[in-house]
Amino acid sequence: MNYNTDKKGYYGAFGGAFIPEMLYPNVEELRQNYLSIMQLDSFKQEFDELLRNYVGRPTPLYFAKRLSEKYHTRIYLKREDLCHTGAHKINNTIGQILMAKHLKKTRIIAETGAGQHGVATATVCALMGLECVVYMGEIDIKRQAPNVARMKMLGATVIPATSGSKTLKDATNEAIRDWINNPLDTHYIIGSVVGPHPYPDMVARFQSVISEEIKSQLTVLEGTNRPDYVIACVGGGSNAAGAFYHYLNDISVGLIAVEAAGKGVNSGESAATSVLGKVGIIHGSKTLLMQTHDGQITEPYSISAGLDYPGVGPMHAHLCKSGRAQFVSVTDDAAMQAGLELCKLEGIIPAIESSHALAIFEDKAFKPNDIIVVNLSGRGDKDLSTYIDYFNL
Amino acid sequence: MNRIKNKLSENNKLLSIYYTAGFPQLQDTVPILESLQQNGVDMVEIGLPFSDPIADGPTIQQSSAAALQNGMTTTVLFDQLKDIRKTVSIPLILMGYFNPVLQYGVEEFCKKCNEIGIDGLILPDLPLEEYTLHYRPIFEKYMLSNIFLVTPQTPLARIKEIDSISNTFIYLVSSAGTTGTTRDISEAQQVYFKRISAMKLSKPVIVGFGIKDKASFNEATKHTHGAIIGSAFIKMLATKGLRGVTEFITALRKV
Chain A
1 MNYNTDKKGY
11 YGAFGGAFIP
21 EMLYPNVEEL
31 RQNYLSIMQL
41 DSFKQEFDEL
51 LRNYVGRPTP
61 LYFAKRLSEK
71 YHTRIYLKRE
81 DLCHTGAHKI
91 NNTIGQILMA
101 KHLKKTRIIA
111 ETGAGQHGVA
121 TATVCALMGL
131 ECVVYMGEID
141 IKRQAPNVAR
151 MKMLGATVIP
161 ATSGSKTLKD
171 ATNEAIRDWI
181 NNPLDTHYII
191 GSVVGPHPYP
201 DMVARFQSVI
211 SEEIKSQLTV
221 LEGTNRPDYV
231 IACVGGGSNA
241 AGAFYHYLND
251 ISVGLIAVEA
261 AGKGVNSGES
271 AATSVLGKVG
281 IIHGSKTLLM
291 QTHDGQITEP
301 YSISAGLDYP
311 GVGPMHAHLC
321 KSGRAQFVSV
331 TDDAAMQAGL
341 ELCKLEGIIP
351 AIESSHALAI
361 FEDKAFKPND
371 IIVVNLSGRG
381 DKDLSTYIDY
391 FNL
Chain B
394 MNRIKNKLSE
404 NNKLLSIYYT
414 AGFPQLQDTV
424 PILESLQQNG
434 VDMVEIGLPF
444 SDPIADGPTI
454 QQSSAAALQN
464 GMTTTVLFDQ
474 LKDIRKTVSI
484 PLILMGYFNP
494 VLQYGVEEFC
504 KKCNEIGIDG
514 LILPDLPLEE
524 YTLHYRPIFE
534 KYMLSNIFLV
544 TPQTPLARIK
554 EIDSISNTFI
564 YLVSSAGTTG
574 TTRDISEAQQ
584 VYFKRISAMK
594 LSKPVIVGFG
604 IKDKASFNEA
614 TKHTHGAIIG
624 SAFIKMLATK
634 GLRGVTEFIT
644 ALRKV
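Protein sequences, first through last, are from chains A and B.
Each residue of the first sequence is one higher than the one before, starting from 1 at the first, in the numbering used here.
Each residue of the second sequence is one higher than the one before, starting from 394 at the first, in the numbering used here.
Hint data in this document are derived by calculation from the structure and do not stem from the laboratory.
For every residue, glycine included, the Cβ atom is placed at its ideal position computed from N, Cα and C.
Some hints could be false.
What the hints assert, rightly or not - With a straight-line cut-off of 30 Å between C-alpha atoms, the simulated DSBU-like cross-links for lysine-lysine are:
no.: 1; chain 1: A; residue 1: K166; chain 2: B; residue 2: K628
no.: 2; chain 1: A; residue 1: K7; chain 2: A; residue 2: K278
no.: 3; chain 1: B; residue 1: K505; chain 2: B; residue 2: K400
no.: 4; chain 1: A; residue 1: K70; chain 2: A; residue 2: K263
no.: 5; chain 1: B; residue 1: K406; chain 2: B; residue 2: K587
no.: 6; chain 1: B; residue 1: K647; chain 2: A; residue 2: K166
no.: 7; chain 1: B; residue 1: K400; chain 2: B; residue 2: K607
no.: 8; chain 1: A; residue 1: K104; chain 2: B; residue 2: K553
no.: 9; chain 1: A; residue 1: K263; chain 2: A; residue 2: K278
no.: 10; chain 1: A; residue 1: K8; chain 2: B; residue 2: K647
no.: 11; chain 1: B; residue 1: K633; chain 2: B; residue 2: K406
no.: 12; chain 1: B; residue 1: K587; chain 2: A; residue 2: K7
no.: 13; chain 1: B; residue 1: K479; chain 2: B; residue 2: K553
no.: 14; chain 1: B; residue 1: K505; chain 2: B; residue 2: K534
no.: 15; chain 1: A; residue 1: K367; chain 2: A; residue 2: K321
no.: 16; chain 1: B; residue 1: K647; chain 2: B; residue 2: K628
no.: 17; chain 1: A; residue 1: K278; chain 2: B; residue 2: K587
no.: 18; chain 1: A; residue 1: K8; chain 2: B; residue 2: K400
no.: 19; chain 1: A; residue 1: K7; chain 2: B; residue 2: K647
no.: 20; chain 1: B; residue 1: K534; chain 2: A; residue 2: K278
no.: 21; chain 1: B; residue 1: K596; chain 2: A; residue 2: K278
no.: 22; chain 1: B; residue 1: K504; chain 2: A; residue 2: K278
no.: 23; chain 1: B; residue 1: K534; chain 2: A; residue 2: K8
no.: 24; chain 1: B; residue 1: K504; chain 2: A; residue 2: K8
no.: 25; chain 1: A; residue 1: K166; chain 2: A; residue 2: K152
To be verified - Computed spacing ranges between beta-carbons, pair by pair:
no.: 26; chain 1: B; residue 1: E427; chain 2: A; residue 2: D363; range: 56 to 62 Å
no.: 27; chain 1: B; residue 1: M592; chain 2: A; residue 2: L127; range: 39 to 45 Å
no.: 28; chain 1: B; residue 1: K534; chain 2: A; residue 2: D363; range: 47 to 53 Å
no.: 29; chain 1: B; residue 1: K406; chain 2: A; residue 2: D6; range: 32 to 38 Å
Claimed, not checked - Stretches of chain A that chain B covers, calculated by requiring three or more beta carbons in the stretch to come under 8 Å of a beta carbon on chain B:
no.: 30; segment: 9 to 22
no.: 31; segment: 162 to 169
no.: 32; segment: 172 to 181
no.: 33; segment: 275 to 285
Given only the sequences and the hints, what does the whole structure look like? Please build it.
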């Protein structure tokens, strides 16, 4: 089985481009050009140069000695939290801002949940001198205030999404509407492996630098480029797509995707799409989606704003349904404990999103010789107020 | 018999009204429809509300949210419309987003529409490619006209392709944007309507998005076969409800 997208933008039964005609020219322009632009030597050179000297890549692949001792296995952390702006999101925004320049777009829009993607987009817009408008749910604006301030300092306009649940899903709707209303000069930088084809494939390719580095770094550290498992958290799924990418078709490497169970998968307050979702269409893509019997999209919940999304990217829907990846869900409580544990054992404060991936060791036992890579997708500074409230710090 | 084709052949400037099912009150769906027919509307688009309507502006989005709050569902709508052909004879089109149709079952949905006497569907997020790839035979089996949108940015070759695959009319989106824009019909839009008209397409074109009153209706239909009014009608419903329908349509129809 092939786990990459086909020419029509499908991963197995998932993907495609379910977009209104108003978006057809924009999406089609991108679809026809993204691969050839990405293959240009000038593009590759500029992308690589910025990743190295601006983002700070390669990020370390760090052997977490004390964490490994505790769980009797060999755990490596891929330190995406050390990227400029504090998360893996910037790998994609650097790629897409260069793409937008090649397409001669002068205005950038984006959606954001936790604010990491919004900050990464505002950053690259400042870098390139392009106008930047970021849509963010009104509720997320309140719970992620430091990131809102960062975006404003970087020159972006932050527009609150006031419809629906006032979170990531609604911010995405508003960004799509903006794009419909501004079809000529605007590029929409989608922050995850979601949306109509070619977005899931394009974003996955920009993020694939993560697994590319894991391969070469592991060769030096362990004498093999294949870990036994790669583990990553999944909201829309961009950090997981990046960490899995070069291992998708190598079935000797186990892939584990960790979703947010919120207050429990069956609590009614959850974002565990692989368990609660059915096949549906959200934001231009056929994928697994949390929805009512009648096809209305339901409100997800997670303590982590970045995982608070009712769908997953179509690649992940395919990995889940085909059994290529194992999907696990982790509660708010388990994630918070795992986050605190990493602080105490390794001196690293993780984003709550990433803490979900770390929580897997409480439930799942690995062999002593297993080589495990956990993608530490972001740092926890932005989550301090949530940590403070939760642990009464 | 195809009601849409028959209506289009009458050679008047066709007036179509869009409204959201179950808004302002859950039980308003059928009375509004009957009133629209009585007041001489040529065709009606009944909106099946969706939680995340990305092609719509705030007015229709809010009406959808209110309708869902009122308890509107696909099943409720089909139930409300089951005897509609006893009282309403004008062409009826269901307009909505694809996910609720997918959940109902595409074939089951089309079958139900056919039983009720629905003539066509407008599903903005089911584009040409997905339709031809997966669903065209089902629509044809149940004699449902699938109506495609064309915008000022739709390339020429694609307009021709849409024309060839359409079987009643083409929905001309008046300008780049979501529904409910308040701009008047501009010079540039007239140029665009003329350009489409000059293409001598095999299907009539009907303009939607941004038509709000008699003046904009007249402007929009100079070079087209008709026009669709949505957000302006919804706004009226939000304030006056069912009792405002006659006044609204009379003002449009006044010679």
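Tested hints:
With a C-alpha separation of about 23 Å, the suggested pairing of K166 of chain A with K628 of chain B holds against the 30 Å cut-off. The suggested pairing of K7 of chain A with K278 of chain A holds, with an alpha-carbon distance near 24 Å, which does not exceed 30 Å. Pair hint K505 of chain B plus K400 of chain B holds up; C-alpha atoms about 23 Å apart against a cutoff of 30 Å. Of the pairs offered as hints, the one joining K70 of chain A and K263 of chain A holds, with about 26 Å between alpha carbons and a cut-off of 30 Å not exceeded.
Taking the CA atoms of K406 of chain B and K587 of chain B, the gap is about 16 Å. The hint holds against a cut of 30 Å. Between K647 of chain B and K166 of chain A the alpha-carbon distance is near 43 Å, which puts this suggested pair outside the 30 Å criterion. For the hint pairing K400 of chain B with K607 of chain B, the CA-to-CA distance comes to about 20 Å; that is within 30 Å, so the pair holds. Restraint check for K104 of chain A and K553 of chain B: satisfied, since their Cα atoms lie roughly 28 Å apart, inside the 30 Å limit.
Between the alpha carbons of K263 of chain A and K278 of chain A the distance comes to roughly 20 Å, so the proposed pair stays at or under 30 Å and holds. As the CA atoms of K8 of chain A and K647 of chain B are separated by approximately 50 Å, the hinted pair breaks the 30 Å bound. Between the alpha carbons of K633 of chain B and K406 of chain B the distance comes to roughly 27 Å, so the proposed pair stays at or under 30 Å and holds. For the proposed pair K587 of chain B and K7 of chain A, the alpha carbon gap of about 36 Å is over 30 Å, so the pair is violated.
Between K479 of chain B and K553 of chain B, the direct Cα distance comes to roughly 37 Å. Violation of the 30 Å bound is thereby established for this hinted pair. Between K505 of chain B and K534 of chain B the CA atoms are separated by roughly 12 Å; this keeps the pair inside 30 Å, and the hint holds. Using a Cα cut-off of 30 Å, the hinted pair K367 of chain A and K321 of chain A holds, with the two alpha carbons roughly 26 Å apart. Taking the CA atoms of K647 of chain B and K628 of chain B, the gap is near 20 Å; set against the 30 Å cutoff, the hint holds.
With a C-alpha separation of about 45 Å, the suggested pair K278 of chain A and K587 of chain B falls outside the 30 Å cut-off, and the hint is violated. For the suggested pair K8 of chain A and K400 of chain B, the alpha carbons sit about 38 Å apart, so the restraint of at most 30 Å is broken. Note on K7 of chain A and K647 of chain B: the hinted pairing is violated, with a Cα-Cα distance of about 53 Å set against a maximum of 30 Å. As the CA atoms of K534 of chain B and K278 of chain A are separated by approximately 27 Å, the hinted pair is consistent with the 30 Å bound.
Only pairs whose Cα atoms come within 30 Å are accepted, and K596 of chain B paired with K278 of chain A is rejected, the gap being roughly 38 Å. For the hint pairing K504 of chain B with K278 of chain A, the CA-to-CA distance comes to about 23 Å; that is within 30 Å, so the pair holds. For the hint linking K534 of chain B to K8 of chain A, the alpha-carbon distance of about 26 Å falls within 30 Å, and the restraint holds. At most 30 Å may separate the alpha-carbon atoms for a hinted pair to count; K504 of chain B and K8 of chain A meet this at roughly 28 Å.
Of the supplied pair hints, the one linking K166 of chain A and K152 of chain A holds, its CA atoms being roughly 20 Å apart against a limit of 30 Å. For E427 of chain B paired with D363 of chain A, a C-beta distance near 60 Å keeps the hint of 56 to 62 Å intact. Under the hint 39 to 45 Å, the C-beta atoms of M592 of chain B and L127 of chain A, about 44 Å apart, fit the expected range. At about 49 Å, the beta-carbon gap between K534 of chain B and D363 of chain A stays in the expected band of 47 to 53 Å.
At roughly 45 Å, the beta-carbon separation of K406 of chain B and D6 of chain A lies outside the given 32 to 38 Å, and the hint is violated. Coverage of a stretch by a chain is defined here by at least three residues with a beta carbon nearer than 8 Å to that chain's beta carbons; for the segment 9 to 22 of chain A and chain B the count is 7, and the condition holds. Check on the segment 162 to 169 of chain A: 3 of its residues sit with their Cβ under 8 Å from a Cβ of chain B, so the three-residue criterion for coverage holds. For a cut-off of 8 Å, the count of residues in the segment 172 to 181 of chain A with a CB near a CB of chain B stands at 5, and the three-residue condition holds.
Given as covered by chain B, the segment 275 to 285 of chain A passes the check, having 7 residues with a CB less than 8 Å from a CB of that chain where 3 are the minimum.
In summary, the numbered hints that this structure violates are 6, 10, 12, 13, 17, 18, 19, 21 and 29.
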